Amino acid sequence: MRYRLIFAGQFVFTLAVAAFLMVPAALSISAGVTVSYFRGIRSGVTLQWIVQVWELYAGTILLSFVVAFATLAVTLLAGVPAAYALHVRGGRLARVVEELITLPLAIPGLAIALALLLTYGGFGDFRRSWLFILAGHVIFTMPFMVRSVLAVFGTIDIKTLDEGAASLGASPWRRFRDVIVPNAMPGILAGSLMVVTLSLGEFNLTWMLHTPLTKTLPIGLADSYASMRLEVASAYTLIFFIMIIPLLVAMQLFADREQRK
Amino acid sequence: MSTANGHGASVSVQACGKTFADGTRALESATLDIARGETLVLLGPSGCGKTTMLRIIAGLELPDEGGTVLFDGKDVTSEPIEQRNVGMVFQSYALFPNMSVADNIGYGLKVRGVPRQERAARIAELVALTNIAGLENRRIDQLSGGQRQRVALARAVAIRPRILLLDEPLTALDAALRDRLRGELNRLLRALGITTIYVTHDQAEAMELGDRIVVMRKGTIAQIGTPREIYFTPRNRFVAEFIGAANIIESPVEDGHLVLSGGRQPLRSGINLAVAVAMIRPETIQVVEAGRAPLSGTIDSVSFVGDRQRLVISGTSRKPLTVDAPNAVQVRPGEEVGLLVAPESVRLLPLED
Ligand SMILES: Nc1ncnc2c1ncn2[C@@H]1O[C@H](COP(=O)(O)OP(=O)(O)OP(=O)(O)O)[C@@H](O)[C@H]1O
Ligand SMILES: [Mg+2]
Numbered sequence: 000m001r002y003r004l005i006f007a008g009q010f011v012f013t014l015a016v017a018a019f020l021m022v023p024a025a026l027s028i029s030a031g032v033t034v035s036y037f038r039g040i041r042s043g044v045t046l047q048w049i050v051q052v053w054e055l056y057a058g059t060i061l062l063s064f065v066v067a068f069a070t071l072a073v074t075l076l077a078g079v080p081a082a083y084a085l086h087v088r089g090g091r092l093a094r095v096v097e098e099l100i101t102l103p104l105a106i107p108g109l110a111i112a113l114a115l116l117l118t119y120g121g122f123g124d125f126r127r128s129w130l131f132i133l134a135g136h137v138i139f140t141m142p143f144m145v146r147s148v149l150a151v152f153g154t155i156d157i158k159t160l161d162e163g164a165a166s167l168g169a170s171p172w173r174r175f176r177d178v179i180v181p182n183a184m185p186g187i188l189a190g191s192l193m194v195v196t197l198s199l200g201e202f203n204l205t206w207m208l209h210t211p212l213t214k215t216l217p218i219g220l221a222d223s224y225a226s227m228r229l230e231v232a233s234a235y236t237l238i239f240f241i242m243i244i245p246l247l248v249a250m251q252l253f254a255d256r257e258q259r260k
Numbered sequence: 000m001s002t003a004n005g006h007g008a009s010v011s012v013q014a015c016g017k018t019f020a021d022g023t024r025a026l027e028s029a030t031l032d033i034a035r036g037e038t039l040v041l042l043g044p045s046g047c048g049k050t051t052m053l054r055i056i057a058g059l060e061l062p063d064e065g066g067t068v069l070f071d072g073k074d075v076t077s078e079p080i081e082q083r084n085v086g087m088v089f090q091s092y093a094l095f096p097n098m099s100v101a102d103n104i105g106y107g108l109k110v111r112g113v114p115r116q117e118r119a120a121r122i123a124e125l126v127a128l129t130n131i132a133g134l135e136n137r138r139i140d141q142l143s144g145g146q147r148q149r150v151a152l153a154r155a156v157a158i159r160p161r162i163l164l165l166d167e168p169l170t171a172l173d174a175a176l177r178d179r180l181r182g183e184l185n186r187l188l189r190a191l192g193i194t195t196i197y198v199t200h201d202q203a204e205a206m207e208l209g210d211r212i213v214v215m216r217k218g219t220i221a222q223i224g225t226p227r228e229i230y231f232t233p234r235n236r237f238v239a240e241f242i243g244a245a246n247i248i249e250s251p252v253e254d255g256h257l258v259l260s261g262g263r264q265p266l267r268s269g270i271n272l273a274v275a276v277a278m279i280r281p282e283t284i285q286v287v288e289a290g291r292a293p294l295s296g297t298i299d300s301v302s303f304v305g306d307r308q309r310l311v312i313s314g315t316s317r318k319p320l321t322v323d324a325p326n327a328v329q330v331r332p333g334e335e336v337g338l339l340v341a342p343e344s345v346r347l348l349p350l351e352d
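If you read the protein sequences in the order shown, they are chains A and B. Each residue of the first sequence is one higher than the one before, counting from 0 in numbering that gives the first Met the number 0. Each residue of the second sequence is one higher than the one before, counting from 0 in numbering that gives the first Met the number 0.
Simulated from the structure, these hints should not be mistaken for lab results. Hints are all accurate, no fakes.
In the DMTMM-like style, the derived pairs of lysine to aspartate or glutamate whose C-alpha atoms are separated by at most 25 Å in a straight line are:
hint, chain 1, residue 1, chain 2, residue 2
1, B, 318, B, 334
2, A, 158, B, 102
3, B, 109, A, 156
4, B, 217, B, 166
5, A, 158, B, 60
6, A, 158, B, 167
7, A, 158, B, 140
8, A, 158, B, 78
9, A, 158, B, 166
10, A, 158, B, 63
11, B, 109, A, 177
12, A, 158, B, 81
13, A, 158, B, 21
It should be emphasised that the depicted structure is a prediction, and the values quoted were computed from it without experimental measurement.
Same shape as in the complex, but just chain A:
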């Protein structure tokens, strides 16, 4: 009896917490499809705001995905070999490098952006292109990739596996492809998931680095909140959800399947 009461209490509490988090999201989403937020849902349901957002901001959405996947590509190509090298090499130098890579986690995004602007602001073409934002995102997300790959290397004896493959005649590249990457897969997938979601949602840094022609989705969102009707901004949020949730689910499923294998 007492146990059931406790269970019921916990259950209600959980529901309350979930509701506290979910209701704002639901309200925001519903606002995006109502004719007038002030008159409520009775004013009717419409897709006009969504269409409007799409017309105004399709470019930012596209750019966000381009930046996110380019960031993923760079962090994969540089981060996984870096983690491998750091792990195999070991020693003090490796630890220093690891700390350096991790440093951006502790530095506010604004500061990183400022440093980038100070250093590269003068290179006009670079400054104006989306590659400038990409650079910021890579700095910001790299620690997540390197750390999650390193975490996996810590649980399997990657150095001995590497030596095992070498003893069978495999070249360094072959070893990396056949043995290191497949065994680091759980970490690579977890890292990728974080990199893509962080990049898609990144605001601080991007806000400093963007130009009117290189706006990402979160920047567009802020823009619409500041200058548009609330319904438009809400429709924008809705689009963000629609875009990112299937992506997250897909990546999570993929990661789960890989882990079970």
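Could you slot chain B with the ligands onto chain A? The hints should help.
For chain B with the ligands alone, kept in the frame of chain A given last:
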């Protein structure tokens, strides 16, 4: 047997020492020659540099300046392991968790570009040879320790290496399995005829497998010899005590006899020393009736271990003597006995080492 390659290479390690980056001196400069097809065992206590020596031969570790490693007379010191064509079995096996048993065994062949069909045939051959039929499609984490050991061996041998290197391949297994696999491994190594270097800290393993044994101590080679040489004629006290049981007796010498509290033990003729450090193996001491041997002592304890009984005898020398007697001999603690030791069974060791 079709897997017999008999094309093992000779190995020569010349003046190879190893100082690690942190300053640890793991191996003093050592020289070692291993004949084609020979099985050489590196034996010694933990931390004495066995693995380091093996890794230098493998190409996983570079010897200090001045050291060279030769395979069949060719200098391979600067070649990394992937170019040396050696098979290696790691203590932890290092099997690839992302591949099946068959893919593990075939990996070295795949890397060498051996066509699929030929690969499959070779894998089947090794599966049969190492007794792991039926496990080909298992994942590594679905294997027992003994099975992993066999897969690791099959994988190392699949590439027909010139030299097979094994680092304590049986240590991770329980005692019974270890004994069984040791026998199997011995037959397999003989059948393959590859030059083999085998690291262990287990003297029984070393005795059974080695054509020659290298006893190592603190980064140096204490002695190299056949199991018999190492056992019967250890060069110093460390080797004598490390291999088998040994009674080490320090005593004054008087006209060719050790002068002990329990009597005078004759030595081989022609020994002219004032003081000696002598080694007597427990099984070379014969227990006889009191008064019928030059040495005497009192039985302290008797432990019956089945095939023999181990006696501890006091009053003969300063330290109690260990004696292995046949299991049929009737003795009781407290009994006074005579001890007969042939002069040839007393091995003199250097005074200091
Ligand atoms: N990478 C390394 N860096 C520094 N010191 C090392 C390194 N590898 C080994 N050593 C040291 O070198 C010495 C010899 O090590 P080695 O692994 O060769 O011993 P071993 O005889 O194989 O011992 P065990 O039976 O315990 O495996 C040890 O003191 C060890 O701590
Ligand atoms: Mg070792």
